[in-house]
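Residue numbers (our numbering), protein chains in the order written: chain A, 1 to 159; chain F, 1 to 512.
Calculated from the structure, these hints are not laboratory results. These numbers come from a predicted model, not from an experiment. A few of these clues could be false.
Covered stretches of chain A, as calculated for chain F (at least 3 residues, CB under 8 Å) [to be verified]:
1. 30-39
2. 66-74
3. 112-125
4. 130-137
5. 150-156
With the C-beta cut set under 7 Å, the calculated list includes, among others, these residues of chain A facing chain F [unchecked claim]:
6. Ile-18
7. Gln-22
8. Gly-26
9. Gly-63
10. Ala-86
11. Glu-87
12. Tyr-142
13. Gly-143
Quick reminder that beta carbons are idealized off the backbone N, C-alpha and C, glycines included.
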Amino acid sequence: MQDLETKQDLDLRLGALISEHQHMPGALMPLLHAIQDNIGYVPESSYSQIGKALSLSVAEVHGVVTFYHHFRTHKPGRHVMQICRAESCQSMGSEALEAHAKKCLNVDYHQTTSDDAITLEAVYCLGNCALSPAVMMDEEVYGRVSAEDLDALIAEARA
Amino acid sequence: MTTKIYVPRDSSALSMGAEKVAVAIALEAKKRGLDITIIRNGSRGLYWLETMVEVATDQGRVAYGPVKAKDVPSLFDADFLNAKNHPLSLGLTEEIEWLKKQQRLTFARVGITDPVSLDDYIAHDGYKGLKKALTLSGAEIVKAVTDSGLRGRGGAAFPTGIKWNTVLGCQADQKYIVCNADEGDSGTFSDRMIMEDDPFVLIEGMTIAGVAVGATQGYIYLRSEYPHALKALNEAIAKAEAAGYLGDKICGSTHTFNLEVRRAAGAYVCGEETSLLESLEGKRGLVRFKPPLPAIEGLFGKPTVVNNVISLATVPIILDKGAQYYADYGMGRSRGTLPIQLAGNLKHGGLVELAFGITLRELLYDYGGGSATGKPIRAVQVGGPLGAFLPESQFDTPLDYEAFSNIWAVVGHGGIVAFDDTVDMAKMARYAFEFCAIESCGKCTPCRIGSTRGVEVIDKIIAGKDTAKNIKLVRDLSDTMLNGSLCALGGMTPYPVLSAMNHFPEDFGIAK
Ligand SMILES: Cc1cc2nc3c(=O)[nH]c(=O)nc-3n(C[C@H](O)[C@H](O)[C@H](O)COP(=O)(O)O)c2cc1C
Ligand code: SF4
Ligand code: FES
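Construct all of the structure, not just a fragment, from the sequences and the given hints.
As structure tokens, then:
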């Protein structure tokens with residue numbers, strides 16, 4: 001993901017992604033993923049351009065983006081930390097880990113730290129349940145995460 | 001001569017530092033001028049021993065674990081390249097009791113091969129099932145799957161052969177095979193392991209399904225939380241295409257089958273098959289009314305097979321070894337093997353594949369080694385967030401679809417999550433409602449509103465307010481959800497809630 005310079009820059013990049021995906025059957029999901037991978041989020045200002053290309057109303061595009069937990073409409077921090085809240089991780093103390101993360105980062109879920117380093121998200125199972133509690137930082141999973149491990153991850157993200 | 005060293009690339013192994021271990025081994029060998037080849041295999045599924053490093057010897061592969069990067073120099077000092085002893089020695093991998101007692105059919109290659117090497121796949125019996133299938137008619141393939149007794153491993157346990165037969169019988173210009181790789185249940189990771197650690201077996205299974213019913217296009221709907229599986233699948237698909245196992249005229253036959261991975265976007269309900277199809281079509285994942293069945297009017301309105309990863313990945317061995325071979329495992333109407341996932345508060349979490357019929361107690365103690373915290377195991381949730389909580393008195397129930405149904409529980413996807421005696425079951429019941437509220441697709445009122453009301457009422461019970469009245473309210477609400485929901489998200493949330501209340505009443509402030 002690269003930072004956007006201008007609105008023109010955004011339009012150009014959107015245009016390229018749209019022409020790359022619009023002919024796929026069921027194009028909207030792969031397109032939204034491509035936009036989020038490329039830009040970091042799905043800007044609301046992109047809905048009309050997407051809608052026009054796929055013959056959908058702005059409301060329909062909006063409806064899809066907001067239905068899915070994965071898509072976000074605002075720019076995240078430089079790193080995204082996801083803490084697993086599901087049962088297996090709960091059985092190994094993920095609640096305490098969540099509380100620790102929120103306190104250290106001074107944010108709640110769906111918020112970004114003041115230095116823009118980390119956006120905190122909840123996740124419901126990372127498929128790492130044999131090594132609960134689990135955390136995902138960007139695209140890497142961590143298992144049997146202790147409070148100290150979490151501190152180290154945070155420090156690394158801030159470095 | 002080069003020594004082969006295996007370091008897993010499975011994401012759970014990576015979560016314990018496997019990447020650093022692989023790098024450390026490469027560096028240390030270079031420093032010492034030793035000739036080694038590192039193979040990034042899948043995981044054997046003994047996750048408490050990850051990172052488990054294996055060295056190939058004349059006697060077989062020898063294992064060391066759990067290895068941390070800092071252990072690497074001492075392993076070399078001890079001459080582990082010649083299978084010498086070290087405090088982390090585990091002996092011959094195949095002789096490890098935990099692994100030796102298993103019956104690995106679907107997982108036959110997992111942890112053994114390099115997941116993205118087609119040559120390795122073929123050298124370990126890969127594509128034998130497809131080759132057999134290409135000599136049979138569609139009806140004969142479907143019959144083999146039916147005769148094997150294979151039932152859907154994604155949760156509902158519907159006979160796979162019957163589903164395929166419906167699609168086979170439809171006349172249409174286009175049919176689809178859709179693999180449900182949304183694996184949203186807590187405590188489950190067998191789909192992820194297949195996709196990361198033996199992706200070709202899923203590709204082969206889907207290709208056989210396509211050949212059987214006459215579908216030329218397949219989609220794997222993969223949860224977005226699995227970036228490593230996405231990579232492995234795409235690498236494997238590209239290799240299968242290049243070698244003529246996918247695309248036009250597969251293996252020189254008249255059949256065409258194309259395959260594409262599509263990413264989901266973090267909605268649990270999109271694991272429900274009709275909601276999954278809506279999502280694949282580019283819509284919000286709202287559950288569809290049935291009928292029509294997806295087998296008749298599925299993706300883009302065309303006949304579609306929707307199957308779970310494990311169901312599809314089990315098809316190759318059924319075709320290769322025969323329906324009877326597979327059906328000979330298991331008990332009653334639960335035939336074959338189930339990849340069971342041991343998770344939560346257990347000493348030895350990981351993947352165990354066994355014939356149906358083993359009891360929970362054997363799994364929890366003989367395999368799981370008891371709780372990780374050393375306290376008594378008090379409750380076990382089987383079958384994901386919509387599965388019932390079982391108390392100690394039910395631990396002797398054999399894993400079998402009907403036996404579980406008889407105690408008002410489900411086997412589901414075979415995920416087992418253990419809790420020690422610090423668990424608060426009222427909190428678990430609250431979480432079940434909360435999860436339903438977060439993940440509800442919103443189409444029906446009992447699920448959408450009922451789940452939020454459920455959280456409120458349990459909060460009152462936890463606060464000790466009008467306990468008797470509020471318990472009754474939860475029961476009424478659960479009744480409405482059970483009977484008035486369109487899909488199992490709303491319809492099964494009462495399983496964890498009521499089982500928690502019935503088996504652990506003391507946590508709700510009511511007499512046992
Ligand atoms: C809310 C909900 C979530 C589900 N999630 C999954 C899932 O993640 N993976 C899966 O294979 N089946 C899931 N299912 C079951 C599917 O609807 C369907 O039964 C299954 O994909 C059929 O494949 P099978 O016959 O091979 O099991 C879910 C069902 C419901 C109601
Ligand atoms: S039960 Fe819930 S998730 Fe299922 S269709 Fe109804 S509202 Fe949607
Ligand atoms: S429940 Fe946390 S990784 Fe599965």
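Do the hints match the structure? See the list:
For the stretch 30-39 of chain A, the proposed coverage by chain F is satisfied: 3 residues have a C-beta within less than 8 Å of a C-beta in that chain, meeting the threshold of three. Counting residues of the stretch 66-74 of chain A whose CB falls under 8 Å from any CB of chain F gives 5; the rule of at least 3 is met. Residues of the stretch 112-125 of chain A lying with their CB closer than 8 Å to a CB of chain F number 3, which satisfies the three-residue condition for coverage. Here the stretch 130-137 of chain A counts 5 residues with a CB under 8 Å from a CB of chain F, which clears the bar of 3, and the coverage holds.
Using a Cβ-Cβ cut-off of 8 Å, 0 residues of the stretch 150-156 of chain A lie near chain F, which falls short of the minimum of three, so the contact claim is violated. Below 7 Å, beta-carbon pairs count as interface contacts, and A/Ile-18 has none with chain F, the closest being about 13 Å; its hint is therefore violated. At about 11 Å, the closest approach between the beta carbon of A/Gln-22 and any beta carbon in chain F exceeds 7 Å, and the interface hint on this residue is violated. Taken as an interface hint, A/Gly-26 checks out: its beta carbon lies about 4 Å from the nearest beta carbon of chain F, inside 7 Å.
Because the smallest distance between the Cβ of A/Gly-63 and any Cβ of chain F comes to about 5 Å, under 7 Å, the interface hint for this residue holds. With a cut of 7 Å, the hint placing A/Ala-86 at the interface with chain F holds, because the nearest CB-to-CB distance is about 4 Å. The restraint placing A/Glu-87 at the interface with chain F holds, with a minimum CB-CB distance near 4 Å, inside the 7 Å limit. A least Cβ separation of about 5 Å between A/Tyr-142 and chain F falls short of the 7 Å threshold, and the interface hint therefore holds.
Taken as an interface hint, A/Gly-143 checks out: its beta carbon lies about 4 Å from the nearest beta carbon of chain F, inside 7 Å.
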